[in-house]
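Asks: Below are the chains, spelled out letter by letter.
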Amino acid sequence: MALVELRNVSKIYTLGGETIRALDDVSLDIGVGEFVSVIGPSGSGKSTLMHILGCLDSPTHGTIKLDDRMIHDASSRELAQIRNRKIGFVFQFFNLLPKMTVLQNVELPMVYAGIGGRERRERSMEVLKLVNLDNRAKHRPNQLSGGQQQRVAIARALVNNPKIVFADEPTGNLVSHTGEAILELFRSLSSQGRTIILVTHDPEIAAVTPRRIEIRDGKAALEVDRRLAGLDRLPGAAAVP
Amino acid sequence: MSLFNIIASGLKEIWAHKFRSLLTMLGIILGVSSLVAMSALVKGMENGTREALVAAGGLEKIRIETQYDLPVHQRHLSDQAQGITLEDVYALQKGAPLVKMITPAVEQMRFREPMTLTYKDKSSEPWLVSGTWPDALPINEHTLAHGRMFGPLDDENASSVCVIGTGVRDDLFGAPETLGYEVIPLGETLQINGLPFTIIGMLDHYESEQAKKERELRKLQPQVAVTSGPTRSRGWGSGKGGHYIFRMKNNTVFIPLNTMMVKFRGLNGTSSSGESAPLRLSNLNMKIPSLDLLEPAIQQVRNILLMTHKGLEDFSFRTQEDWAQEISVVIKNARLSGSVIAGICLLVGGIGIMNIMLASISERVREIGIRKAIGASTLDIFVQIVVESTVISVLGGIVGIGTSYGLVHLISFVNPTDNTPVVTLSSLAIAFLFSVGVGMLAGLYPAIRASRLHPIQALRYD
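Protein chains in written order, with the numbering used here: chain L, 132 to 372; chain A, 75 to 536.
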């Protein structure tokens, strides 16, 4: 069953009289529990695709179905609710609120979901334990390393138990071994059945995922399902472009 | 997101920028405290004047005075005008049932025809020496503290007796404040314009509530040694007595009407119609049973007086109602100007808050983007900003209410008046509501701007 269904989705901007097709007639399905990477050079439209998939933006044309619900024409209020309950975001720059503690940052999505204080605490501590940061709950983000901050962001993304987790260049701002640890974390989340969409420009990172969607000039140019292609069983698979 | 959470996060945001928030609040603090202080001062003024109004006889008192300028169409008959006489009093007693009490008076005012009272080596010029009937006490809201008021027999005999106010006593026998004890000079003989009079009664000491409070406060404090040497004359009265009405009341001497007419005949105007004509009175004072009957009572008195005065309108009515109306106009104006000033303060405070909120949201664009990405709706952001600005201004309002007490005390310390400022609960409530309203209004525009930010653009913002 497809969790996400995109049909003929286009996103057209006009910038200074010039029409830009950020997304051009993209159709794709993502199933429950898939670990997908969206790859493409900068300006290819992969971020736009993520924004539309992540309900941060609406498409100009086309239909989107998320978890059996049409969302391409939902109101901003409904979109906010979908982002809150069904989607988790992990950003390149972590995007934690600097004035709040780690715990408060993780609690924030539940605050908007209207969940009571005690349950918020319990669930936050649970996900913090999952990312091995339960001992840093009272710290502020700027007292943590980049990798730790990103793990806090992942905890925040998971805390409302979303259907999909979006990660936009999650390792882009980290040194390589920390980045690998983060990818490892995603992989283990995926093995627990979580649907994860990883947006990156780096083929090496994209190689981690069983399925890759390549975006070029706003089109889903190439889809490689590595399981079907049997590529993931080859040695040195990470080097495949 | 529950309101409690929003308020908590608003407080946190304010605490994160303590100094900035304090400066922002300052406008509201000043606005609220000036609003409360203004209304306290005006309320004090109102109380003071109303007290004085009651002291002067209350609203049920009507005074009829001789009108020397007749209306234009009667001016050629002015030599026929005989003024107010005892005949009028008798006629009114018989013919005006709406008048509860009436007394005639021949009054010697200090500023027109001063009378000199002497006792041994001291002298005094009282505000008023009034030759009248015993009913003058209740009509003018006087009460007797010691001795007795003269009766009809004293009047008939034209006895040389007088009832004095405490101000006169202070001048002639010494004030309790300087002597340390109170003199009650009953039975003493003083001279009025050289003629001996026996003091048979003394009136109460009249003062405003404020003066009373101050006096009682002074009593509690240790007495300061009396300074020797000549003391400066403070004119009539013992200086501080509150509103001038109280000083006037204390500086009053009553003598029987007949005594006044017989012994001081030359002083007051005789009737123009010659020796045989009745003596002119200065005025008539009367009381009506209730304020509702003021208009019909005046009408009744007027009709009777027009009969006895052969249709000549040589009299005029003085009611306290005019004064009461004047008071309310003054109070209204004071209140209006006060609230305009306070309103401008609050407006400036509100603009300050709006300015800070705009600066704050442009600092926090990214935060708003993050909040939106993780599920804050437009409404959530809107409410958050409005609540933040309301919290700032409510805090300002609370602090302002606190400082208003200080301000009121400061004002009454710098410029002590007889009218103690009164901080009313309603003025506090109004000030508080205004601060809430200003905060909400000031937050509205920044909140609209913040909530309309597009999440993606907000996230990309540096």
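Hints are supplied without guarantee of correctness; some may be wrong.
Stated by the list, open to error - Straight-line distance between alpha carbons at most 27 angstroms, and here's what the computed DSSO-like set of lysine-lysine pairs gives:
1) L:Lys196 x L:Lys260
2) A:Lys92 x A:Lys135
3) A:Lys194 x A:Lys337
4) A:Lys168 x A:Lys406
5) L:Lys230 x L:Lys196
6) A:Lys406 x A:Lys174
7) L:Lys230 x A:Lys194
8) L:Lys217 x L:Lys294
9) L:Lys230 x A:Lys168
10) L:Lys269 x A:Lys168
11) A:Lys86 x L:Lys269
12) A:Lys174 x A:Lys135
Please keep in mind that the hints were generated in silico from the structure rather than gathered at the bench.
Asks: Each hint: holds or not?
Replies: Comparing the hints with the structure gives:
1. This hinted pair does not check out: Lys196 of chain L and Lys260 of chain L have alpha carbons roughly 33 angstroms apart, beyond 27 angstroms.
2. With a CA separation close to 60 angstroms, the supplied pair Lys92 of chain A and Lys135 of chain A exceeds the 27 angstroms bound.
3. Restraint check for Lys194 of chain A and Lys337 of chain A: the C-alpha separation of about 21 angstroms stays at or below 27 angstroms, so the hint holds.
4. Of the pairs offered as hints, the one joining Lys168 of chain A and Lys406 of chain A is violated, with about 42 angstroms between alpha carbons and a cut-off of 27 angstroms exceeded.
5. For the suggested pair Lys230 of chain L and Lys196 of chain L, the alpha carbons sit about 36 angstroms apart, so the restraint of at most 27 angstroms is broken.
6. Restraint check for Lys406 of chain A and Lys174 of chain A: the C-alpha separation of about 33 angstroms exceeds 27 angstroms, so the hint is violated.
7. Pair hint Lys230 of chain L plus Lys194 of chain A does not hold up; C-alpha atoms about 86 angstroms apart against a cutoff of 27 angstroms.
8. A C-alpha spacing of about 5 angstroms is found between Lys217 of chain L and Lys294 of chain L, which places the hinted pair at or below 27 angstroms, so the restraint holds.
9. With a C-alpha separation of about 89 angstroms, the suggested pairing of Lys230 of chain L with Lys168 of chain A is violated against the 27 angstroms cut-off.
10. Between Lys269 of chain L and Lys168 of chain A, the direct Cα distance comes to roughly 94 angstroms. Violation of the 27 angstroms bound is thereby established for this hinted pair.
11. Taking the CA atoms of Lys86 of chain A and Lys269 of chain L, the gap is about 16 angstroms. The hint holds against a cut of 27 angstroms.
12. With a C-alpha separation of about 10 angstroms, the suggested pair Lys174 of chain A and Lys135 of chain A falls inside the 27 angstroms cut-off, and the hint holds.
Violated hints, listed in ascending order, are 1, 2, 4, 5, 6, 7, 9, 10; each of the other numbered hints is respected by the structure.
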